[in-house]
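Student: These protein sequence lines are chains F and P, in that order.
Read in order, the letters of the first sequence are residues 80 to 707 in my numbering.
Read in order, the letters of the second sequence are residues 80 to 707 in my numbering.
Worth flagging that the hints you see were computed from the coordinates, not collected in a lab.
Don't take every hint at face value.
Heads up, simulated PhoX-like pairs for lysine-lysine below, C-alpha to C-alpha not over 25 Å straight-line [said to hold, decoys possible]:
1. P:K685 - F:K603
2. F:K685 - P:K603
3. F:K603 - P:K603
4. F:K546 - F:K84
5. P:K546 - P:K364
6. P:K658 - F:K603
7. F:K140 - F:K121
Number of protein chains: 2
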Amino acid sequence: MKNTKNTPLHFTNVRIQDAFWAPRLAANRQQGLDRVYEQLQKTGRIEAYDLDWSPDSSRPKPHVFWDSDVAKWLEGACYSLMNHQDQDLLGRVESLVDRILSAQGEDGYLNPYYTVVEPENRWTNLRDRHELYCAGHMIEASIAHHQATGDRRFLSAMRRYADLIDRTFGPGKGQLRGYPGHQEIELALVKLYHHTGEKRYLNLAAYFVDARGGHPYYFDQEARQRREDPAAYWAKTHAYTQSHRPVREQETVVGHAVRAMYLYGAMADLAREQRDRELRVVLEKLWEDLVSHKLYLTGGIGTSRENEGFTPSYHLPNQDAYAETCAAIGLVFWAHRMLHLHMDSRYADVMERALYNAVLSGVSLEGDRFFYVNPLASDGTHQRQVFYSCSCCPPNINRLLPTIGGFVYSTTGDEITTHLYIQSEARIEFDPGTVTLIQETDYPWDGVVCIRCEMDVQQSFTLKLRKPGWCQEARLYLNGDRLPDDIPFEGGYFRLERRWKPGDEIRLQWLMPAHRVYAHPDVKATVDSVALMRGPIVYCLEALDQPVPLHLIRLPRSVSLESRFETDLLGGVGTLVGKALAADVDAWGGALYQPDPPDFVRVPFKAIPYYAWANREPGAMRVWLPEA
Amino acid sequence: MKNTKNTPLHFTNVRIQDAFWAPRLAANRQQGLDRVYEQLQKTGRIEAYDLDWSPDSSRPKPHVFWDSDVAKWLEGACYSLMNHQDQDLLGRVESLVDRILSAQGEDGYLNPYYTVVEPENRWTNLRDRHELYCAGHMIEASIAHHQATGDRRFLSAMRRYADLIDRTFGPGKGQLRGYPGHQEIELALVKLYHHTGEKRYLNLAAYFVDARGGHPYYFDQEARQRREDPAAYWAKTHAYTQSHRPVREQETVVGHAVRAMYLYGAMADLAREQRDRELRVVLEKLWEDLVSHKLYLTGGIGTSRENEGFTPSYHLPNQDAYAETCAAIGLVFWAHRMLHLHMDSRYADVMERALYNAVLSGVSLEGDRFFYVNPLASDGTHQRQVFYSCSCCPPNINRLLPTIGGFVYSTTGDEITTHLYIQSEARIEFDPGTVTLIQETDYPWDGVVCIRCEMDVQQSFTLKLRKPGWCQEARLYLNGDRLPDDIPFEGGYFRLERRWKPGDEIRLQWLMPAHRVYAHPDVKATVDSVALMRGPIVYCLEALDQPVPLHLIRLPRSVSLESRFETDLLGGVGTLVGKALAADVDAWGGALYQPDPPDFVRVPFKAIPYYAWANREPGAMRVWLPEA
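Bound-form chain F, shown alone:
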């Protein structure tokens, strides 16, 4: 079980210094956190902790999921403080923590909605009411706060809440047999276990995961206790919450996509912590179903607006794609955990795909506006907003971005595994001494990556380097000398095991030509269509870069794709240009139907990275284009 010992290198040990992610982290710090905080204030989410709402008050009535928005912002703010000191932000964090703590009950309970609106109904509707979900996010925030400030008061308070939940739920006498309708607390409890060493939290997470979907069926019992007909469930199916059957009997990814990702992530945590082979097998099956049938090219998941989630295999419409930002973030979490179960680059490939495309499209380049929904085509009406009434995505971006460094490396006692290529400086504590890895690269615009080892003395360790799944041809050099093609390669990683000298430099050349991608013929939405990628970046065409309306353009298979870097465009992006064909509307004339197809004329086209779309004036956008 050697692989399972791999541990992610915490983001605080990886200083991002590149031209791609660093500006996004800065924008999140300088714009994103502020804009979201303003909205938390404006909408009443923060004053909710004053607990002075009443039916007669003019204050906005708290909502059952508001805590999660506040908690995710707080978690993001704390992570940001760990990367970058900021006294103003720290002050705001501390005052918010005070306000939250003032709303906690004597018994540890914390939830303004239930405290002031329905105090008699605590824990009576786990299926719909997000109570445990909110608790989970608040626990994660408290851990982040402790890490960022060293102050234990928030963490201790949330432990008291976790303890209350631990006393309330479980298989014991007098305990509720319930589990969350919206998963999340499972991830939080594993994190709390890691952070505190208290095994009860891990056990509670395991309880929540394994109780799920068992008989007698809890959500139905609970509904009957509320004097509701379980058959009148608004979501129609318990697959919506992945509780249609016990998780170990689940074989396909179904239901609400964010819930699914958080559940599968927690299952992966448990599979790892508890060396649970059965859970691993279940997870591999679920993963295969996702990546083979239900994954957008961008790494977006969850096709349908209706259930915010999954639909049948190959149902991947473009303009109607839901592909919630939170779901892509959830996929990153799950993929990262699968990676630490298997150390197989297939998981890192999906993680990278989601990060560079479906996650990053969720926030404007300025960091101040967000997508909840990330379609792969638009008529120009889909635009980012500062906030949403259900506003889970903006603070989820807030908390993900500062931690990007945490996805780059994993370590064991004698191995460093490199998953992502981002210009950065990483400190890895090894037994003989600290190793600093300096990554220099223009990734994702260029496939050349130099990794220099800095340390005081020679050290033996294994450096594993992920060969990106998109890469057809790789060249590796050590201190300028090309390495032979037969160097060890396992699970998608090149393996360099040697005694490293200070200053040793590995040069990786991931050849990065633009390439075409085609989808499975059962994907009806992309029939005879092609998408363009270069490296991990999925490209799209925005109308304002083209000389003709987007729907007239066809991309001939034969045409060469020229890759450029345009410094002045969208903060500096790689573009792909070439000659497309455009249906000749003028030559067609006025008829609606004719016995001959339209003529085509050659027109230049330009593709921009998908993540960067909708940052200029509104216009149509397409990832998939008909091939001529």
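Starting from the structure of chain F, add chain P where the hints point.
Tutor: For chain P alone, coordinates are given in the frame of chain F:
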């Protein structure tokens, strides 16, 4: 203004004797009328005339548009009786007429909804409540009843209603300035004028048409009188009822498609009756907008479910097409009237397209189940129903089918113009004596048509023969001799002016190869797709005729299309067969995305007429197919 003298030859003068329409008329008689009548009974639409609903009663509450369903059925039943005696049906008609008449008020008013549910609110919501629309249909039914039975009691009663309406509405002192929110009464009033000679009815129709959309704006005044905010109008725009501006200022077809068709049809009636050149110009503009931008290949119109109507130009999605059956019927009415304004085959082409495709798809081959919505693609879930809660379409089919013979010919004093080719026997009364035209043809499966003139003595008249718009090559023979290519051809009609001898026979050969059709490049839904036609018939592929799932099929441009007639299929239909390409799912393997497009294999395909789809087990269907 010679053309405007052309008058449609009434369907009672044209005996349909073919293998295509005759069985549909029989099915309508033997199944359609019965099934719809059962539903009228079952849903309370008929007992509504007993006027004994009250808030406390257990009877279904009458609905504002129920009368129209009953009236259309009655009209259809009367037309059917004119084609085919049926004592049972006649008895049912008479008893229904009695029941309806018992519900008429002293003043002539007839509307169970307003009579029993909101007696105080008569004529207070013309915008939404279908009162004049129902009156119009009832007037048409009464004319049909008089024609079928010779009995005047229903007609006289409805004249009293029309007189009441005439006294109520108009520009005079004390009259309401209103006009119908759902047009229809305009057509009925013109018909009533023709039937009775009473010019007041024509004038009232003209009033309704020209008052429409004028200022001060009636529907807003009316809303304010109901103490409603006109800005809170549920349909959001008065374009919904084509009353956003005076009709003479309208330039594009907008809003609810059935309303639009009935309005434009009435405008065409008035343009003809009143020799109104301005209206003709408006109508030509509207027609051009429809056929150039908003007409499905099938003759279906009205893209959107939202407004049951028109959307911007070229917005013609296939699976999401609304294309209500009633709208296609309305288009037949409008086209038929445009044809009698202009005697130009462009209008007959659209009429024929709608009749053979979008109208006929609205009813099952058995005549017993109906489509309200007629999409051009389906995943198999769209199926016909016996009835709908808003069930305008089934009885509209009931009343259209028996009159199909009325669209075949027009006559003037010395001209017979042939619009449609249907095996039939037509009696035309000319001054010197009756001319009987015997059409023999297998149209629409074959383009050969023989028309024999039977009469007692030689007669001079002009026989005009429409060259179908789909026909690229025509050959004409008179008594076996080929006619020269330079015979007079005007407005899309060949013109044969001669002294005809009894037994003279014209043989028309409209060469009818299967052909491909392409849509304007701005129609996003049909990019790189092709549709198949033969003669007036639009074809489609149904999944159950193909060896592979429908979405895998591509139709290569080069492949020849073989036309067959299959006696045992769908009651006998023409099919198109050939070799298509199918994406090779097996060769593709399990990956969701790959750098190369799928391979293709040759597979046979079979296309059936669009009108005949959804008559076997449910499955996917497509009119437009991607071209390889």
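Student: Which of the numbered hints above does this structure break?
Tutor: Violated hints: none; all satisfied.
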